[in-house]
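> Counting in this note's numbering, the sequence shown runs from 7 upward without gaps.
Among the hints, erroneous ones may be present.
Computed spacing ranges between beta-carbons, pair by pair [what the hints assert, rightly or not]:
{"hint": "1", "residue 1": "104", "residue 2": "183", "range": "39 to 45 Å"}
{"hint": "2", "residue 1": "210", "residue 2": "154", "range": "35 to 41 Å"}
{"hint": "3", "residue 1": "87", "residue 2": "217", "range": "26 to 32 Å"}
{"hint": "4", "residue 1": "147", "residue 2": "199", "range": "21 to 27 Å"}
{"hint": "5", "residue 1": "210", "residue 2": "100", "range": "43 to 49 Å"}
{"hint": "6", "residue 1": "89", "residue 2": "120", "range": "28 to 34 Å"}
{"hint": "7", "residue 1": "116", "residue 2": "164", "range": "32 to 38 Å"}
{"hint": "8", "residue 1": "154", "residue 2": "199", "range": "36 to 42 Å"}
{"hint": "9", "residue 1": "118", "residue 2": "216", "range": "21 to 27 Å"}
For lysine to aspartate or glutamate, the following EDC-like pairs were computed, each having C-alpha atoms within a straight-line distance of at most 20 Å [said to hold, decoys possible]:
{"hint": "10", "residue 1": "112", "residue 2": "153"}
{"hint": "11", "residue 1": "73", "residue 2": "95"}
{"hint": "12", "residue 1": "74", "residue 2": "87"}
{"hint": "13", "residue 1": "112", "residue 2": "151"}
{"hint": "14", "residue 1": "112", "residue 2": "87"}
{"hint": "15", "residue 1": "74", "residue 2": "52"}
{"hint": "16", "residue 1": "206", "residue 2": "228"}
{"hint": "17", "residue 1": "206", "residue 2": "184"}
{"hint": "18", "residue 1": "96", "residue 2": "81"}
{"hint": "19", "residue 1": "96", "residue 2": "66"}
{"hint": "20", "residue 1": "74", "residue 2": "95"}
{"hint": "21", "residue 1": "73", "residue 2": "52"}
{"hint": "22", "residue 1": "96", "residue 2": "70"}
{"hint": "23", "residue 1": "96", "residue 2": "52"}
{"hint": "24", "residue 1": "112", "residue 2": "101"}
Hints were generated in silico from the structure; no laboratory data involved. On a predicted model such as this, the values are computed, not experimentally measured, just so you know. Note that the Cβ used here is the ideal one computed from N, Cα and C, for glycine as well.
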Amino acid sequence: MLDQQERQILVVFPHPDDEAFGVSGTLAQYAQAGVPITYACLTLGEMGRNLGNPPFATRESLPEIRKKELQASCEAIGIQDLRMMGLRDKTVEFEDDEEMVQMMTKLIDELNPSLVVTFYPNYAVHPDHEATCKAVVRAIRRMPEAERPRLYGVAFANNTLAELGEPQIVNDIRDVRDAKWGSMTAHASQTGWMIQEEEKRRAEGDTEENNWLTEESIYIYDWTRDFEESF
């Protein structure tokens with residue numbers, strides 16, 4: 007389990023469900039320890055590919071459905087401060103770079119977090135993911151080094167292990183398994199197939215736990231690496 011003596015945590019992801027897959031168990035541990043968490047979700051994921059399995063959403067209804075799913079996920083985790091930032095799904099990469107940095111700077115200035123959680127630049131696959139975490143990195147990089155919050159990144163590109171190595175943190179989340187499950191199932195429009203497979207596996211008597219319910223891998227951002235040239 008991570009050291010839970012944090013002043014304030016700021017989580018920044020572009021889509022509803024990004025938090026569920028990557029760090030919902032870890033965040034639940036912090037929430038249960040009484041650490042205040044603010045989640046800035048940049049879009050409502052209204053362009054998400056999935057509409058439920060079987061489909062229960064339409065292109066018109068999906069934004070409101072995903073908004074409610076996001077709220078339910080935060081409730082399952084224990085996040086009390088959810089900020090919906092109002093950007094459009096699949097267009098975050100086209101937002102003005104400086105405006106994105108200023109959005110992050112304002113959040114950091116307001117909240118004074120000791121820890122920020124986002125994706126790890128160049129290892130986050132989706133263009134919206136990359137645009138989000140690069141704005142976070144740029145905002146923090148502008149701060150005096152002594153005042154910077156620690157930065158944790160979720161990385162899942164195919165070349166992650168080869169280039170970044172093993173994650174510095176592999177967090178045991180078995181004590182908050184129910185919170186992780188609640189966060190994942192809250193995003194039913196996107197995770198229905200995954201949840202159904204897990205429920206089928208359990209119904210068939212398979213008691214081996216999937217690692218996504220037992221541990222979460224986190225990279226600590228390395229400020230000695232210069233990613234700016236590839237941004």
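> Are the hints correct? Go through all of them and say.
Structure-based check of each hint:
1. Residue 104 and residue 183 have their C-beta atoms about 42 Å apart, which keeps the hinted 39 to 45 Å range intact.
2. The hint said 35 to 41 Å for the Cβ distance between residue 210 and residue 154, and at roughly 49 Å that hint is violated.
3. Separated by about 29 Å at the C-beta atoms, residue 87 and residue 217 satisfy the suggested range of 26 to 32 Å.
4. Range check, residue 147 to residue 199: about 39 Å between beta-carbon atoms, so the 21 to 27 Å window is missed.
5. A C-beta distance of roughly 45 Å is found between residue 210 and residue 100, which places it inside the suggested range of 43 to 49 Å.
6. Between residue 89 and residue 120 the beta carbon distance is about 18 Å. The supplied range of 28 to 34 Å is therefore violated.
7. A C-beta distance of roughly 36 Å is found between residue 116 and residue 164, which places it inside the suggested range of 32 to 38 Å.
8. Taking 36 to 42 Å as the suggested C-beta distance range, the pair residue 154 and residue 199 conforms, at roughly 39 Å.
9. Distance hint check for residue 118 and residue 216: the Cβ-Cβ separation is about 37 Å, which falls outside the suggested range of 21 to 27 Å.
10. Straight-line distance between C-alpha atoms of residue 112 and residue 153 comes to about 15 Å, which keeps the hinted pair within the 20 Å bound.
11. About 12 Å separates the Cα atoms of residue 73 and residue 95, which keeps this hinted pair within 20 Å; it holds.
12. Annotation: proposed proximity of residue 74 to residue 87 holds, straight-line Cα distance about 15 Å (limit 20 Å).
13. For a cut-off of 20 Å, the pair hint linking residue 112 to residue 151 stands: about 18 Å separates their Cα positions.
14. Between residue 112 and residue 87, the direct Cα distance comes to roughly 16 Å. Compliance with the 20 Å bound is thereby established for this hinted pair.
15. A distance of roughly 12 Å separates the Cα atoms of residue 74 and residue 52; the hinted pair therefore holds under the 20 Å criterion.
16. With a CA separation close to 41 Å, the supplied pair residue 206 and residue 228 exceeds the 20 Å bound.
17. A hinted pair counts as satisfied when its Cα atoms are at most 20 Å apart, and residue 206 with residue 184 qualifies at roughly 18 Å.
18. Pair hint residue 96 plus residue 81 does not hold up; C-alpha atoms about 26 Å apart against a cutoff of 20 Å.
19. Only pairs whose Cα atoms come within 20 Å are accepted, and residue 96 paired with residue 66 is accepted, the gap being roughly 16 Å.
20. Proposed proximity of residue 74 and residue 95 is supported: the alpha carbons are some 16 Å apart, at most 20 Å.
21. Between residue 73 and residue 52 the CA atoms are separated by roughly 9 Å; this keeps the pair inside 20 Å, and the hint holds.
22. Of the pairs offered as hints, the one joining residue 96 and residue 70 holds, with about 17 Å between alpha carbons and a cut-off of 20 Å not exceeded.
23. At most 20 Å may separate the alpha-carbon atoms for a hinted pair to count; residue 96 and residue 52 meet this at roughly 9 Å.
24. Using a Cα cut-off of 20 Å, the hinted pair residue 112 and residue 101 holds, with the two alpha carbons roughly 16 Å apart.
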